[in-house]
Amino acid sequence: MTATTTGSRILAALAEVRDPELDEPITALGFVASAAVTDDGTAEVHLRLPTYFCAPNFAYLMVADAYDQVAALGLRTTVILDDHFASDAINEGVAARAGFVRSFEGEAVDELDELRADFLRKAVLAGTDAVCRPLAGFPLATMTLGDIPYSPALQRLRRRRRDLGLPYADDSPLLIDPRTGDPVGAGDVPLHLRKARLTRTSLDANTGICRGMLKHRYDTDGQGEEAL
Amino acid sequence: MYEKDGEKYFVVDSHMHYWSAGPDNWVPGAEQYAKGWIECFHAYQGLGPPATHWPIEKFMSYTEDDLMKDVFQDGYVDVAIFQPTYLTEWYREGFNTTERNAALGAKHPGKFIANTRFDPRDGDDGLKQLEENVARYGSIGLKLYTAEWKDGSRGWTLKDPAAYRYLEKAQELGIKNVHVHKGPTIWPLDKDAFDVSDVDHAATDFPELNFIVEHVGLPRIEDFCFMATQEPNVYAGLSVVIGGLMHARPRFFAKVMGELLFWVGEDKMTFGSDYGIWEPKWQIEGFVDWDYPGDEFSDYPRVTTATKKKILGLNAAKLYGIEVPKEYQLDAGEGAPAARDDSVGVSSGSPAASLG
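Residue numbers (our numbering), protein chains in the order written: chain D, -18 to 209; chain R, 8 to 363.
Treat the hints with care, since some could be wrong.
[Said to hold, decoys possible] Across the chosen pairs, the derived CB separations fall in these ranges:
id, chain 1, residue 1, chain 2, residue 2, range
1, D, Asp63, R, Asp129, 32 to 42 angstroms
2, D, Gly162, R, Lys333, 53 to 63 angstroms
3, R, Arg172, D, Glu(-3), 40 to 50 angstroms
4, R, Pro56, D, Pro133, 31 to 41 angstroms
[As the list claims (entries may be wrong)] Distance condition first, Cα-Cα at most 30 angstroms in a straight line; then the derived DSSO-like pairs of lysine-lysine:
id, chain 1, residue 1, chain 2, residue 2
5, D, Lys196, R, Lys42
6, R, Lys157, R, Lys176
7, R, Lys198, D, Lys176
8, D, Lys196, R, Lys65
[As the list claims (entries may be wrong)] Chain D residues, not near chain R, derived (Cβ > 12 angstroms throughout):
id, residue
9, Pro6
10, Gly55
11, Asp128
12, Glu207
Since the hints were made in silico from the structure, they are not lab data.
Please read all numbers here as calculations on a predicted model, not as lab measurements.
Heads up, the beta-carbon is just placed ideally off N, CA and C, and yes, glycines get one too.
Please work from the sequences and hints to get the whole structure.
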């Protein structure tokens, strides 16, 4: 396997890592500064974020997820977050497989699973808007996922629901409460859709701001960013 | 004041700063944080029109003359409200203190309102300081930054009993308006630092105070909106929304404005330039000219001249008791600025009624 092939496999693995807050791949967001194989065969990945003070919990999740994805290729792996106030704690913690609580001794009481789930629920709501927006006028409360023609947005919504342990099969209701998985009653549909749209707007606006900040901070494209 | 097409706008810049962030003010040993903070602010400026960008050296240490020119002479602002941010762990004299702001304000009577702040971790000394600041600077508003670092602590929340003690004191001292700003670090670090639910608690328990959530809770606009719909005393501070999105991401700006107008309502949104991050001039000119860019926004509330007048100045004037000359006031039937029941859910006459 050539270094180039390995490099593209590493990038493909990194494309599976999402910013949990923005629900977009870190490659597309421009967060991968470099991804290469060193002379001794180690995969070395450098990540970068829009600001020095980006929230350390989300930063930790991205570094840890990047580590897991690349290590799953069977490579010795180093992932380094550059230019961040908590770089040292995060980089050392992930390298030692220490978990979040031990990486931030005395500053965290729990791992980040619940935080991640909270943001997956937002992604489900935002995804609901993406899927339902073209369906105005349909009886959404009685429809199932299988009633909707395939689209990347639908595929993504199914995956997020699956990740949360929510129903995602063809016969699952299209509209569910992302906290309980219960179907949304007909009378609650307008408010549910309003909330879905608002959540998507918020995610889109945050992504826009993060992209703008990153561009100001670094004048180069991230690895895998130009492909999109 | 600003005038366009025969309409006159009274402008209150309800969120702006006079900071000192150059290397001469950095705390030895904390230089990386002081530098990281101001560079982060500077990146936000990059979201405005290129002609309004400053070099980092000026951005760190703009002068009184810069401010007076940008905000009042070129920037149309009638009254500007200083919002302090201390950050004394990183900046020797503080980043932007009540004292520094008020000293500038004292030289220009009638132009500024000096808000002060508290930090519940300051204990009894902080309560005394708050009382002194209110007496000395006549503050009726507070700026609270919950993610400030202090002695190893990474921030606080408005739910803390210590914060309630301060809010009680603030109310007793005659404070009316509390501007809240979230940041990325708060203990414990595994929780979402930008969560606004603590504002919800405080707003419920202190109904006499107005809570203006700056940057509309960004990056948690959705949580902010859900909360604001239920709390008659919660307002949306638009700093960063206009500055950070109107030029850089006009379609997202339209959506965010549409959502805010729907959930929070035009009576409860206040303009703030966030100067020195962005100059007010382009923000005010652009906002007065702004409308939704196309039909896909047709189910959002409409934006009228009265909407813009309220947001640019009349709402904040009401909250701060600023006298507005007659020719800048609304005509009868154009609504009541800063009406508390303007949000969906708060008012029975709101668009939420149609949501069942």
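A quick look at each hint next to the structure:
Between Asp63/D and Asp129/R the CB atoms are about 35 angstroms apart, so this pair conforms to the stated range of 32 to 42 angstroms. Roughly 57 angstroms separates the CB atoms of Gly162/D and Lys333/R, a value that falls within the hinted 53 to 63 angstroms. At roughly 48 angstroms, the beta carbons of Arg172/R and Glu(-3)/D sit within the given window of 40 to 50 angstroms. The hinted window of 31 to 41 angstroms between Pro56/R and Pro133/D holds, with their beta carbons roughly 34 angstroms apart.
For the hint pairing Lys196/D with Lys42/R, the CA-to-CA distance comes to about 18 angstroms; that is within 30 angstroms, so the pair holds. Pair hint Lys157/R plus Lys176/R holds up; C-alpha atoms about 22 angstroms apart against a cutoff of 30 angstroms. Between Lys198/R and Lys176/D the alpha-carbon distance is near 22 angstroms, which keeps this suggested pair within the 30 angstroms criterion. Taken as a hint, the Lys196/D and Lys65/R pair is honoured in the structure, with Cα atoms around 21 angstroms apart against an allowance of 30 angstroms.
A cut-off of 12 angstroms between C-beta atoms confirms that Pro6/D is not in contact with chain R; the least separation is 18 angstroms. For Gly55/D, the condition that its CB be more than 12 angstroms from all CB atoms of chain R holds, with the nearest at approximately 31 angstroms. With a least CB separation of 23 angstroms from chain R, Asp128/D remains clear of the 12 angstroms interface cut-off, as annotated. The claim that Glu207/D is not at the interface with chain R holds, since no C-beta of that chain comes within 12 angstroms of its own (minimum 20 angstroms).
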